[in-house]
Amino acid sequence: MSIMKIENLQAKIGDKQILKGLNLELEPGKVHAIMGPNGAGKSTLSKALVGHYDIEILGGDITYKGKSINEMEPEERALEGIFLSFQHPVEIPGVNNAYFLRTALNAKLKHQGKEELNAAEFLRAMKGHLEMLGMKSDMISRSLNEGFSGGEKKRNEILQMLILEPEVIILDEIDSGLDIDALRAVSEGINKMKDGKRSFLVITHYSRILDYIEPDYIHVLKDGKVIKTAGPELVPYLEEHGYDGIEED
Amino acid sequence: MNLSTLKNKNQQEVTDFLSVKDREALVERFVSLGLPSKKSEEYRYFDVEKLLEKEYKTLNYVPRPLEISEKIEIVDGVVVAAPKGMRVYNDECKMIDMDHFDPLYYLGHLLSPSTIKIELDGDIHVEIEHTFTQSDALINYRIVLYNQANRHSTVYDNFVANDIKNTLVLYGYDMHIAQDSTLRMVKTHTMPDSSYSVVASHKVNVAKQANALFKSFDLGAGQALQLLRVELEEHAHVDAGHLLYLNADSKRGTVSQIVHKGEHSTSTQIAKNILDGNARGIFDALIKVEHSAKFTKADQNSKSILLHDKAYMASKPQLEIYIDELEASHGATTGQLDRKQLFYLQSRGISYVEARKMLVIAFANTLIETVKDTRQQERIQASFEEVFYSGHKN
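Heads up: the protein sequence lines correspond to chains C and U, in order. Residue numbers 1 to 249, in the working numbering, belong to the letters of the first sequence in order. Residue numbers 1001 to 1394, in the working numbering, belong to the letters of the second sequence in order.
Chain U extracted, bound-state conformation:
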C-alpha cells in the first residue's frame, strides 16, 4: 500500500481505495483535513511525505486467543497476551473524536475497523508492550483505553522492535477517563536508529473531576511524532510532560491540543528537549480555552537545550482563549547548557565532558522524577543514560 495515493482524493475514491463500509463520517473528516504534507502545520517539521510515499506491505490483523502474561503484549498490531482477569478484547471503536486535528487519526481508524479495547476497572498498574517484527510494513492499530469511574490506574507504555527496517507504525489510543478517576500513562520509547517510523495519534477524554497524567519519554534516533488531543470537562485536570532526547538525524516530538471545555479545569504541560547531532525536535502545543471553561488554569512551558550547532528545536507553545476568567501562561526557551552551572562543576575538579553529562542528565531528571514509581523512574533513567552515553563515550 502506498498512502500517498490518498492525496487529493474525494470521499468515494478514499472509500474505494481503503475498501471501507459504513464509515462515511470518518472518510468525510479525513478528506476534509487532507493527507498531511509539509504544508500541514502539525506536520510542518516532520517530513511526513517521505513516509507516506513509500510502498508498504499490509498485514492481516487476525485476533488470537490471549495468553496469560504480566503485561499486555501487542505484536504487530495484534494483542497476544494480557494479565489474568483483565478485560482486553477486540471491538469496534464507538467513540471516535470528530474534532481531532490530525488526518492520520482518522486514517488510523479507517484502517483499523476493529480496535483493541482495554478496560481498567481496578486500581492497577499495567505495562503495555508494543512489539514490531515486520520490515517494509504498514502496521496500523488503534487501542481504546477505558478507565472506570473512581479508579486510579497506571499504564506503562513500552516499545520493542526486532531488527526491522522501512516500517511505518500508525497507532494510537482513544482514552476515556471516567468521572473521579485517574489515569497515569507513562510512555518510554527508545529508538536506537531509523529502522522504523511512528505516527501516534491519541485522543484523551477527561471527564468531570478526573485526572490524566501523560508523561512521554522519547529517546534516541528515528522519526516519530505523537499527536495528542485532550478534552477536559468540569474540574478535570491533565498533567502532561514530554522529554525528548534526540541524536543523529532524528525528527521526533509532540503536537498537542489541550481543550478546556468545563469550568475549573486545569492543565499543566511541560516539555524538556535535549537535541544533539543533526536532530530536529518538535513541540507544537496549543491550549484552547472554550467559552464554557470559566476559571480555567493552564500552564505550558517548553525548555530546550541544543548540544550541537546543527540541532534544531521547533517550539511553538500557543494559547487560544475565548474567556476572561482564567489564569494562563506559556513560554519557551532554547539555549545551551548553563555556563555558570558548568563552571561550578568544573571548579570542583569535574571535567568539562563529565560536567556536561551531569547537567544534561540533571535536566532530564527533573522530568523523569515526576514519575512517582521509583522502579519505573530508575528504568527510564537507565534508558536515558544508555542512549545518552552511547553518543558520548569520551
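So that you can see chain C by itself, here it is in the shape it has in the complex:
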C-alpha cells in the first residue's frame, strides 16, 4: 500500500506542458530518489505535489493516504503531512524565523487537535535540533532566510522538517550549494527522520547525497515521465553512462 500515488499526471507551467503522464508510487518508510536530466520535470513534479501556483494540472491524479489532493490548498497539504524542502528558499525580511517556525508548528498542532506551544516551550523544543544541525542560535532570531548562506538556508529547511514531522518529505536538490560539512549535517537531519513510516522523495542531479541518504528506489525521469525504476545499483550506472542510454521500462 503506497502513502502517495501519482497516476498519469499531466501538468504545465505557462504554455508549456512539462509532465506528460507521470506515474509514481511512494511507499511508506522508503527513500525514493528521482534523477534525470535538466528539464525532465523534476522540480515541476515537486511543485505539483505541494500545490504550487505555477502549476496547472491538465490531467491525472495525486492521491495521498487514499485521498485525492489535486484540489487541496498548499496549507492543507502541509497540515496533512506533505513537506517540500525548497531548492531556493525565499528570503522574507521582517518575519522573524522563530516566530515563523512557531506559527507553522502551532498551526500543525492545532490541526491535530493538540495544545499549541508558547515561546518558551518552543525554544526548548528547538534546542536539540539546532545543535544537531550545527545552527547558531542567532539564526532563529534573524529574519526568515534573510542573508542566510546557501548552506544555512538548507539547514533551515531541514529544521522546519524536523519540527513539523511530516509524513511525505520532498527534498528538491537539497544538496545543491552545500559543502561537505553542511551536506553531512543536513543528511544527518534527514536520516533522523527515517522511522520506517515516513516516505522520502529525493530529487537530485548528483549521486553525492545518495551516499549519505541511502535510497531504496531510483526513478529516472525524462521528458515528463518516469521511464525507469530500479534499486540503488542504478546510481553508479547513471554516473558512468548518463541518462541517454537508459531504456524505458
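If you're looking for bench data, these hints aren't it; they were derived computationally from the structure. These numbers come from a predicted model, not from an experiment. The beta-carbon is built from N, C-alpha and C at its ideal position, and this holds for glycine as well. Incorrect hints may appear among the rest.
[What the hints assert, rightly or not] Label pairs and their computed distance ranges (CB to CB):
1) U:K1208 - C:I180: 51 to 59 angstroms
2) C:T229 - U:V1353: 51 to 59 angstroms
3) C:N38 - U:S1292: 54 to 62 angstroms
4) C:E121 - U:I1068: 39 to 47 angstroms
5) U:H1330 - C:K65: 49 to 57 angstroms
6) U:N1278 - C:E165: 43 to 51 angstroms
7) U:H1308 - C:K16: 30 to 38 angstroms
[Unchecked claim] Among chain U residues calculated to face chain C with C-beta under 7 angstroms, some are:
8) Y1312
9) Q1336
10) Q1341
11) S1347
12) G1349
13) S1351
14) V1353
15) R1356
16) M1358
Using the hints, position chain U against chain C.
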C-alpha cells in the same frame, strides 16, 4: 472661520481677514503661493479644498502655567504640561523659512503669532503628546524645536483625539538642529476614523555635521498630510522614513523637499506604504541638490503594497540636481504581496489569511525596526498591529 475666503485674495485683503500686523513678508509669500487647491501639485491627491471650505470655530490660545509631567502635553494647541526643568515657553517665531513650498506653512504662522518653543539642551528623550478635544474647530499652532549644539535628543510625537468631529488641525514644527547635534523625531499618528483632519507643515534646518532622523508612522483612516522641507548644510545628514498603513477611505501621506545646500551632505529617505480598502496614499518627494552641495549622497525609495484593488498610491520620487559631483538614486515600486513569499508560508501549513498578515506586518517591521529604542519599537508595532487586525478580523 472659512479658510476658502482667502482664495485669490490680495495682500491687503489677507492681512485684513486674518487681522495680522507687521507680517508683510509672510502675507506676501502666502499670497504668491495661493491657497492650495487640487491644482497645487503638493495637494493634488489630497482633496484639500473640502477641508478649507468648511466653517470652523476659532479657538483662543491663552498661555497657561505649565504643570509638571513626564511629557510635553499640548491640548488644542496650548501647551499645558512639560517635564521639570525643560525649557518650554511661548515666544514669537523668529526663524521662519521664506523658501517653503507649502502655503499652509505660512498660513499656520500667520494664524499663530506666538509659537510653542521647546529647547532641547541635554541628551534627552521626550514625548510630545498632542491632544484634540474640540469639534468643528480650526486648531492651529506652531512649535519651534531647538536642539542645542553637541546634544543628541529624541522626540516621540504622539496624538490623542477625544471624540471629536469635523475639526481641522493645522500645526507644524520649525526644527533647528545645531552643529554636531542629533535630533531623532519619531511620530506615530493613528487615526481610527475621519473625525478630524490634519495638515502638518514642517521645516527642518540641519546645521553643519548635524543629524536629523525623522520617522513617521501614519496608521489607520482619516485625512492627513505632512509637508516637510529639510535643508542640509555641510556634512549634515537626514534619515527620513515614512510608514503608511491606510484603510477605509483615508487620504494620507507625505510631501517633502530635502534640499542639499552644503558639501558632503547626505540624505536617505524610505517610504513604505500599505494601502487597503479605498485608501489613497501620497508620497511626493523631491531631493534637490544645489550648486553649493558638491559630493552629496542622496538615496530615496518608495515601496507600496496594495491590498485591495480600489486602493491607490500616488508615488512621485524626484531628483533635481545642479551639479555633477554626487551620488544619487531614487525609485518607486507598487505591487501586491510577493507570491513566492506567500506560497512559502502556506507550504508550511500557515493559512493564506495568516500568511498575508505576516507579510504585511513584516513589510512594516523593516521600517519600525529602524527605531532603535526597543520599548518605542514595541509600542509602534502594537499600534500597527491593532489597526491592521481591526480591519482583518478573520
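So which of the earlier hints does this model not fit? 2, 8, 9, 14 and 15
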